[in-house]
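There are 2 protein chains.
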Amino acid sequence: MLKCPKCGLEVDVSFIKHTCSKCGEPLLLEVDFEKIAERDIESLIPGELKKVTLGEGRTPLIDYRRFLLKLEFLNPTGSFKDRGAALTASRALIAGWKTVIEDSSGNAGIATAAYSARAGVKVKVYAPADAPAGKLRLIRAFGAELKTVRTRDEAHKAALNDQSGVYVGHVVEPLFIEGMKDIALELVNSKKRFEAIVAPVASGTLFLGLYKGFKELVKLGVIDEIPTLIPVEACGYTKLSKYLKSISLTCGENERSILADALRLTIVPRLHQIAEIAREVSPYTLTVGDETIGEALRELYSIGLPVEPSSAAVYAAAKYVAKEFSGNVVVPLTGSGLKYVPMPNELLDRYLF
Amino acid sequence: MLKCPKCGLEVDVSFIKHTCSKCGEPLLLEVDFEKIAERDIESLIPGELKKVTLGEGRTPLIDYRRFLLKLEFLNPTGSFKDRGAALTASRALIAGWKTVIEDSSGNAGIATAAYSARAGVKVKVYAPADAPAGKLRLIRAFGAELKTVRTRDEAHKAALNDQSGVYVGHVVEPLFIEGMKDIALELVNSKKRFEAIVAPVASGTLFLGLYKGFKELVKLGVIDEIPTLIPVEACGYTKLSKYLKSISLTCGENERSILADALRLTIVPRLHQIAEIAREVSPYTLTVGDETIGEALRELYSIGLPVEPSSAAVYAAAKYVAKEFSGNVVVPLTGSGLKYVPMPNELLDRYLF
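One line per chain: the protein sequences are A and B, in this order.
Heads up, the first sequence is in the numbering used here, so the first residue is 107 and it goes up one at a time.
Heads up, the second sequence is in the numbering used here, so the first residue is 107 and it goes up one at a time.
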């Protein structure tokens, strides 16, 4: 059952929209706690929603100094988006949709293309033309119809206006959040101790999913409280600075990040859901600039981890956070650097090659 | 303990060479079965050899028609070589080596570079200049010293002659085989039923590792017999056709595969170990050509799996095998396609983009 977090309206998971018919708020999946046995973590994502898989999830969680690195870039298409795309494709099958529409800075488009291919559903992806060439090529490689527009925000608007299929944009799709939630369940299942989690915020699905997961785990009696969640944004693309304290990790004057291509979104349908949560569980939001990202990227490669620049932004943020907290800090490394390396890129080359 | 499979000489794991001092045969790790409890699969790879990790292994095994697809391309640096590189780097730490030397068509060099970086060991990698640009760039990105030569075979010779560090080439390194063996242990641990396994053979480490794993599992009483193992080679690079029946899956006249870049090795130090095993457990060797590889690659992308061309060769072989066996066929998809996509490549484009 999908539920509006604002007015409480409930609809079936095969409902064709992602926002509430009454008040326009993006919907969320409502867990039926009466059907779940005590401490049965697995059932927080109902099995009947898992119809399509490419082996996503159960990613490694490795120790490095005081960090717990969650290697989300080892999902099938190279990013954490695969978890959400798997459940979204499942919803398309349940509802019988023939064509779906997505907008993306790259990774979510790749994931949606791959899982739609697996499900036998046609897909059209809108993306900014200046997304990394490797990402755009992958979207096409999976057989999706790729439409490039000028910016990430324009991609969102164009996808919303496309009437040739059902819009399943991860920025609003309720089941996408459930895929992200699974990361919280895995972190708790690992039995490893941690005090804080840093999470990249573009459309905020990971941030929302982690919060929803921890909140449900509290309700289920598995954990006592929701851990500290710290949003990470890119210079020039912060949405949260008007809601909570914002700390800049070396943003240049008027800097708009180029390296953090996965974080360059400003139209965020779930923004006030994110802001409300951030006020509850975040001491501040961290905004990271390209120089800091480049250095962090070099460091991650120097310990053998081929991640994408946007993930290095999150690691850089975690290093800041680790100075303020005494416990372990969880760092989701969300995207693979393998999509980048073969492409000569002056800026990237300066740090890496 | 390392042991010569030919003359029986035993040496410690910190022994600086990989071949027998008496007869020149590449060594293998000898499992001490007296120290292992009944059916204790995990102990077949001694814990004290696992000193370096980036979260390799435990890759997904997904069902697709009658295939069990083992997604080895989801290892940290995008290939199954990570399993071997992890144990090899551990041996370097145990033995106290400061600099190691590797030769590779790409993936093993990437893996060795990443795990050496993690272990804090210097590394020099020899590779053919015509390896995919993305692979060569990754080797450098992890901080390795990259030396390019004309062919894969020349890379092997040059690495052997380099006296500036300890040669740990995966083509002979005993612990590399142990990493490959782990795949056999995971397949049996999965409890899924299968009748045959196809395995790419370049230096043959996967083929040897799978066999060694299944043989030890038989000895441990976990399984009754070694499953059928079918080698897969690339047109123009077959080493096994003189030892057993060879079936060509559309090799053109004098074709030398370009797409299967990971299979282009002809100098194989462990060749007679491989041939001996193949005569025991393989009905034939399959040799695959670029047209067949390209079609198989397109098919794998069409179900959402971004693998490299050499892995598509193995899938093409599995389709042939599935017609001859009634049970499930295991297909290790060994390498990631993400290392390729951003690079325009006329031949690859014809099939994929």
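Treat the hints as calculated values from the structure; they're not laboratory data.
Don't take every hint at face value.
No copy labels: a pair is met if it fits in one copy or bridges any two.
Stated by the list, open to error - With a Cα cut of at most 30 Å, we get these calculated BS3-like pairs of lysine-lysine:
{"id": "1", "residue 1": "Lys141", "residue 2": "Lys429"}
{"id": "2", "residue 1": "Lys425", "residue 2": "Lys123"}
{"id": "3", "residue 1": "Lys263", "residue 2": "Lys141"}
{"id": "4", "residue 1": "Lys297", "residue 2": "Lys348"}
{"id": "5", "residue 1": "Lys156", "residue 2": "Lys325"}
{"id": "6", "residue 1": "Lys228", "residue 2": "Lys425"}
{"id": "7", "residue 1": "Lys253", "residue 2": "Lys429"}
{"id": "8", "residue 1": "Lys297", "residue 2": "Lys128"}
{"id": "9", "residue 1": "Lys228", "residue 2": "Lys321"}
{"id": "10", "residue 1": "Lys228", "residue 2": "Lys141"}
{"id": "11", "residue 1": "Lys156", "residue 2": "Lys298"}
Output the numbers, in ascending order, of every earlier hint that fails for this structure. Result: hints 1, 2, 3, 4, 7, 8, 9 and 10 break, sorted rising.
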